[in-house]
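Engineer: This is what each chain is made of:
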Amino acid sequence: GAVVSQHPSRVICKSGTSVKIECRSLDFQATTMFWYRQFPKQSLMLMATSNEGSKATYEQGVEKDKFLINHASLTLSTLTVTSAHPEDSSFYICSARGEAGELFFGEGSRLTVL
Amino acid sequence: AQSVSQHNHHVILSEAASLELGCNYSYGGTVNLFWYVQYPGQHLQLLLKYFSGDPLVKGIKGFEAEFIKSKFSFNLRKPSVQWSDTAEYFCAVTPTDNTGFQKLVFGTGTRLLVSP
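Sequence order for the protein chains is A and B.
The numbering used here puts the first sequence at residues 74 to 187.
The numbering used here puts the second sequence at residues 112 to 227.
Hints are all accurate, no fakes.
Chain B stretches covered by chain A per the calculated footprint, using a threshold of three residues with CB under 8 Å from any CB of chain A:
#, segment
1, 145 to 157
2, 215 to 226
To list a few chain B residues with every Cβ distance to chain A over 10 Å, as calculated:
#, residue
3, 129
4, 130
5, 136
6, 140
7, 142
8, 180
9, 186
10, 194
11, 195
12, 197
13, 198
These are computed hints drawn from the structure, not numbers from a lab.
Model, not experiment: these values are computed from the prediction.
Backbone N, C-alpha and C fix where the C-beta goes; we use that ideal spot for every residue, glycine too.
Please construct the entire structure, taking both the sequences and the accompanying hints into account.
Structural biologist: Below, the structure is given as structure tokens:
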């Protein structure tokens, strides 16, 4: 099946720094990718829809300037958490829509902000 | 508020027991329905999906789910669980909207532990 890879899988950073998480579709082209955030013991919350070559569409309540999303190619979307704070610590998961419309998920990236 | 509800947060079963995990949603209109599974240390994988047609959907690994429109439910079932079914199970719904993008909305998940 199609594979979506996220990198890094774990990252620890100091408060105030920025962190970039990459999401790659390895064997298919994805015009649409999605970024989710999962808090402990809670559901996955959709943060934004990333479209290749255009601006991302953010969900209500998600700060665009804090969570920068770039989808520069058909196989790569990046999420940058700017000026990270401890409350940004979470599990971030991306998914990519395959050519038949099915969603494939990355392994997730656990961010810890100290 | 519109949502997807999974009422069982933790389920513990013995091998060979039957499984039913509840999922209810509150969206009106046409929806697509999914069950995903996340095995320990792995990423989310699709178990089965319902778009239209026969409301009883069969998925991988012996799982099935039944869409009951009148109850806004899409419960997951398996007649006889195995130890390897230990995982977290997520129900998800894509409500249709006027943007054309079908956003996947997840339930809170049910953690299943199967004891040998």
